[in-house]
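Assemble the complex: chain E is given as a structure, and chain W must be docked to it using the hints.
Here the protein sequences come in this chain order: E and W. Once you know that position 299 of the first sequence is 299 in our numbering, the rest is easy, because the numbers rise by one and skip nothing. Once you know that position 124 of the second sequence is 871 in our numbering, the rest is easy, because the numbers rise by one and skip nothing.
A portion of the hints provided could be inaccurate.
[Stated by the list, open to error] Here are the computed lysine-lysine pairs in the DSSO-like style, where the Cα-Cα straight-line distance is at most 27 Å:
hint : chain 1 : residue 1 : chain 2 : residue 2
1    : E       : 315       : E       : 298
2    : W       : 863       : W       : 836
3    : E       : 305       : E       : 399
4    : E       : 378       : E       : 496
5    : E       : 233       : E       : 209
6    : W       : 816       : E       : 298
7    : E       : 315       : W       : 816
8    : W       : 825       : W       : 757
9    : W       : 757       : E       : 315
[Unchecked claim] Interface residues of chain E toward chain W, partial, derived using beta-carbon atoms under 7 Å:
hint : residue
10   : 84
11   : 258
12   : 317
13   : 390
14   : 649
15   : 661
16   : 698
If you are wondering where the hints come from, they were derived from the structure by calculation, not from laboratory data. Because the structure is a prediction, the values reported are computed rather than measured. Using N, Cα and C, we set each Cβ at its ideal position, and we do this for glycine too.
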Amino acid sequence: MTDTPIADTAAEAPLKRKGVKRRSFLIGGVAIVGAGLFGISIADSNAAKDAKARITGEGEHSFATWLKISEDDVITIYSPHTDIGQGSNTGLAQMLAEELDAAWEQVRIVSAPAEPSFANVGLGRGFMAEMTGQPAIINGIPQSFLSFIARQMNLQITGGSTALRFTGQMTFQKVGAATRLALMETAAKRLNVPVGELTTQDSRVIHAKSSQSLRYGELAAEAATLSLDNEPKLKDPTQYRLMRQSMQRLDIPFKVDGSVQYGMDFAIPNMRVATIQAAPVRGGKLTSVDTAPALAIKGVEKVIKLDDAVAVVAKGYWPAISGLRALAPSFTDGGHAGISTASIFAAHDALFAKGEADGEAGEGDVQAGLGTKPIEAKYQVPFLHHAMMEPFALTAQYKDGKLEIWGGMQDPLATKMMAVEVSGLDADDVTFHPMIIGGSFGRRLPMYMEIVGQVTKLAMQLPYPVKLIWSREEEVAQGAYRPQSSAVLTASLTDKKRITAFRNDYAQPESAESETVFPYILPAVSRRHFGHVSNQQTGAWRSVNSTQQGFYNESFMDELAHAAGEDPVIFRRNHLKADSRHLRVLDEVAARSGWNTPLPAGRGRGVALVESFKTIVAMVVETSVGEDGMPKVHKVTTVVDAGSIVNPDAAMAQIEGGTIMGLSSAIGEAITLEKGKVQQSNLSDYPLMTMAQSPLVQDIHFLNSGAPMGGIGEPGVPPAAPALANALFAATGKRVRNLPIMTQAKG
Amino acid sequence: MAIETSINGKAVALSAEPDTPLLWVIREELGLTGTKFGCGIAACGACTVHVNGEPTRSCSVPVSEVAGKSITTIEGLKSADGTLHAVQKAWIAAQVPQCGYCQSGQIMAAVALIEKTGRPSDAQIDAAMTNLCRCGTYPRIRKAIRAATGQAAQAVEGAV
Numbered sequence: 001m002t003d004t005p006i007a008d009t010a011a012e013a014p015l016k017r018k019g020v021k022r023r024s025f026l027i028g029g030v031a032i033v034g035a036g037l038f039g040i041s042i043a044d045s046n047a048a049k050d051a052k053a054r055i056t057g058e059g060e061h062s063f064a065t066w067l068k069i070s071e072d073d074v075i076t077i078y079s080p081h082t083d084i085g086q087g088s089n090t091g092l093a094q095m096l097a098e099e100l101d102a103a104w105e106q107v108r109i110v111s112a113p114a115e116p117s118f119a120n121v122g123l124g125r126g127f128m129a130e131m132t133g134q135p136a137i138i139n140g141i142p143q144s145f146l147s148f149i150a151r152q153m154n155l156q157i158t159g160g161s162t163a164l165r166f167t168g169q170m171t172f173q174k175v176g177a178a179t180r181l182a183l184m185e186t187a188a189k190r191l192n193v194p195v196g197e198l199t200t201q202d203s204r205v206i207h208a209k210s211s212q213s214l215r216y217g218e219l220a221a222e223a224a225t226l227s228l229d230n231e232p233k234l235k236d237p238t239q240y241r242l243m244r245q246s247m248q249r250l251d252i253p254f255k256v257d258g259s260v261q262y263g264m265d266f267a268i269p270n271m272r273v274a275t276i277q278a279a280p281v282r283g284g285k286l287t288s289v290d291t292a293p294a295l296a297i298k299g300v301e302k303v304i305k306l307d308d309a310v311a312v313v314a315k316g317y318w319p320a321i322s323g324l325r326a327l328a329p330s331f332t333d334g335g336h337a338g339i340s341t342a343s344i345f346a347a348h349d350a351l352f353a354k355g356e357a358d359g360e361a362g363e364g365d366v367q368a369g370l371g372t373k374p375i376e377a378k379y380q381v382p383f384l385h386h387a388m389m390e391p392f393a394l395t396a397q398y399k400d401g402k403l404e405i406w407g408g409m410q411d412p413l414a415t416k417m418m419a420v421e422v423s424g425l426d427a428d429d430v431t432f433h434p435m436i437i438g439g440s441f442g443r444r445l446p447m448y449m450e451i452v453g454q455v456t457k458l459a460m461q462l463p464y465p466v467k468l469i470w471s472r473e474e475e476v477a478q479g480a481y482r483p484q485s486s487a488v489l490t491a492s493l494t495d496k497k498r499i500t501a502f503r504n505d506y507a508q509p510e511s512a513e514s515e516t517v518f519p520y521i522l523p524a525v526s527r528r529h530f531g532h533v534s535n536q537q538t539g540a541w542r543s544v545n546s547t548q549q550g551f552y553n554e555s556f557m558d559e560l561a562h563a564a565g566e567d568p569v570i571f572r573r574n575h576l577k578a579d580s581r582h583l584r585v586l587d588e589v590a591a592r593s594g595w596n597t598p599l600p601a602g603r604g605r606g607v608a609l610v611e612s613f614k615t616i617v618a619m620v621v622e623t624s625v626g627e628d629g630m631p632k633v634h635k636v637t638t639v640v641d642a643g644s645i646v647n648p649d650a651a652m653a654q655i656e657g658g659t660i661m662g663l664s665s666a667i668g669e670a671i672t673l674e675k676g677k678v679q680q681s682n683l684s685d686y687p688l689m690t691m692a693q694s695p696l697v698q699d700i701h702f703l704n705s706g707a708p709m710g711g712i713g714e715p716g717v718p719p720a721a722p723a724l725a726n727a728l729f730a731a732t733g734k735r736v737r738n739l740p741i742m743t744q745a746k747g
Numbered sequence: 748m749a750i751e752t753s754i755n756g757k758a759v760a761l762s763a764e765p766d767t768p769l770l771w772v773i774r775e776e777l778g779l780t781g782t783k784f785g786c787g788i789a790a791c792g793a794c795t796v797h798v799n800g801e802p803t804r805s806c807s808v809p810v811s812e813v814a815g816k817s818i819t820t821i822e823g824l825k826s827a828d829g830t831l832h833a834v835q836k837a838w839i840a841a842q843v844p845q846c847g848y849c850q851s852g853q854i855m856a857a858v859a860l861i862e863k864t865g866r867p868s869d870a871q872i873d874a875a876m877t878n879l880c881r882c883g884t885y886p887r888i889r890k891a892i893r894a895a896t897g898q899a900a901q902a903v904e905g906a907v
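Chain E extracted, bound-state conformation (with noise of 0.2 Å):
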């Protein structure tokens, strides 16, 4: 016998805890930290000098830190984005290119190194410019990891649809024009002409009257070292090239014929690979367990046993999976077995019978506005997992004192932090290497990524290189997940179909506030958030709060309508302001749909209204209910306003896939618990659409009002639930108010 006990040190977890004051924690050390940060220019010397140090070679010159142009004219960009699928890099490189008029074909995108010279202070500068809370992408973060942002604002974070609008726009952009006018000022020194004379495109800078013309690779040494503009001008819209172009994304040859890497991917000499199974019941610990049934298995070599969880090291993935299913371990159940979803309904319920909110906003007297006999509706939705398709795979050598790890994650800088935090190693003994991502949705941010933590453990006590990597099992169980959470909507009606005030109380681990935006003027309107935190890891699911709070308000929307006798449309629109772009969304997929025209019997159609992320989405789902009770959506048109779209054949394909996962989780999705523990075990009981489950017709169309720039990433998810929902009470009379519908129409 093997068996070790472990003492179980488990503190209770703290049931309750008030979201609000983490979030304004957040946002507070951004602003302060704010001032000092976002004084750095785009060409800050010290953080460019050691760039350059890091990224150029013989006959490379670096500029600002993101762009380096070789001598033979290639042009490297260095992102501080993580390409999860969403198409920024392509588009951040348009944004950079356009304005340093590069020739695309010689224009390259790598991720930046995971160092602090790379940190993204075009973030910072996007979240100082709207401060109305899109840090909620980093929702979960442990104080210990807020305040460390705070001080050393490591930001390389990839969420909150943030790439193009804040990265691209307030860094990308200047770092190509103040290129470009560095190289045109070097040109015009070697060939002894005003610089007003001359002109650029395609990596040339080009002296038309004399018919002389200099490459970017010729001139780049020179340049390089020029002290850049800090606020060069900005080309005019009507001058691009390659923005709002649907130029072909620059990274899918690699993923048409199977040679891009991922970090499931990756090997190095000498590697082994562990897999892990942690307390099934989240917050518990190890405390025992026989480690001879694994070792008895052929090429594993190695049980190690962490705090709360067993991992096998083996020669591959299969001895290491086989000895870990062979293993017994045993958990505590960290005081959590009493919980279980209908627990956490019942905790929301007293809750909001209590009536003590944790935090309010709104305006009006809603109180005096609801009246005596108010409209109520109750609103449940379960924890959602993000289900990307690559599960975790993390590489980790430590070796001569130095840990190297490799992998994607949504925040490369981050993760290397959290590792020089789990080892005690000097930050510059610990580096990351980010690589690409099999999806992510929010799920790879590193303060809820266990993994990091659990593969510096492994690798700190190994000989050799070693491969985690968690079983789709484990990814299932382990998630971070979206809230499951409950609403309770109230709202009175004048006789004239006016909504005289309306009420959201809402439960979950988070206040909502800061991300949304309810765009209808009433006299009244409350949002009432009230904590409840269970055992589980929460996190940033795709479109963060807006899926469930669109649900919520564009479904009882849609009740009221239905209660004033009023046509959905038209009721919002009563309520939309005059000439708003909320309006002019709305009107344009009435109109697209064909909203008025008739439907073949046992088909409706539903639509919903929502902003998130500064981009508002309108979607009308048109649907049928098939023989086995489930929703048959057949055609989804959507109307986008994002103020201005980079590449609009990448954003269209965002608004496809997100309404598809928005229709996903509406339909089929659902992470349960009992007794503490997740129930569900693997994509068989976690069910994702299907091509022939999704929807035959997608009509996607772009507003492009030229307001600032909204997300595109998370923007299309919010409506798809309401509208579907929406969809099937016109179809059927039956109002859906608990998600998934799967679950209520199987009984």
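Same frame as chain E, now just chain W:
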């Protein structure tokens, strides 16, 4: 005893334990990482390869079962001179992949479908293309399959 088989036209002798799923032999012993691990229970299709031309979820087939058979992975779709398969070209033209992780499997499933049906109908596409994609690239997968088989890009509801 080594298991003899053929991968992408080359004869190989595999040393893996006979119960090892074909997926892990392809990835770890042969180093062909284009074939992906997604779920391990044949639910997602990211590991799809062709075994004697049949689309097969390699995570759930013990390597002992493919002895003497001919296996094609995503790396084997290109022609000898490196030219992409028509389906791969259609995938680029339609800008199908987002994160890309499921796409090797999707492409292998699509190639098998097209080889079997010639010009698959939407219903045949629905029936055969059961591989999961979390990014929601299904509309473009359909478009690429239609384009690769000379059909109009946009599906029309109710058409046969």
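Taking the hints in turn, this is what the structure says about them:
1. E:315 with E:298: At roughly 9 Å apart (the allowed maximum being 27 Å), residue 298 of chain E and residue 315 of chain E satisfy the hint.
2. W:863 with W:836: holds, 19 Å
3. E:305 with E:399: The given pair, whose Cα atoms are some 21 Å apart, holds under the 27 Å limit.
4. E:378 with E:496: holds, 25 Å
5. E:233 with E:209: holds, 24 Å
6. W:816 with E:298: Satisfied, since the Cα-Cα distance of roughly 26 Å is no more than 27 Å.
7. E:315 with W:816: Given that 27 Å is the threshold and the Cα spacing comes to 26 Å, the pair holds.
8. W:825 with W:757: Given that 27 Å is the threshold and the Cα spacing comes to 14 Å, the pair holds.
9. W:757 with E:315: holds, 25 Å
10. 84: For residue 84 of chain E, the interface hint holds, since the closest Cβ of chain W sits about 6 Å away, which is under 7 Å.
11. 258: holds, 2 Å
12. 317: With a minimum Cβ separation of about 5 Å from chain W (threshold 7 Å), the hint on residue 317 of chain E holds.
13. 390: holds, 5 Å
14. 649: With a closest approach of 6 Å, the residue 649 of chain E hint holds.
15. 661: holds, 5 Å
16. 698: holds, 6 Å
Violated hints for the displayed structure: none, as all numbered hints are satisfied.
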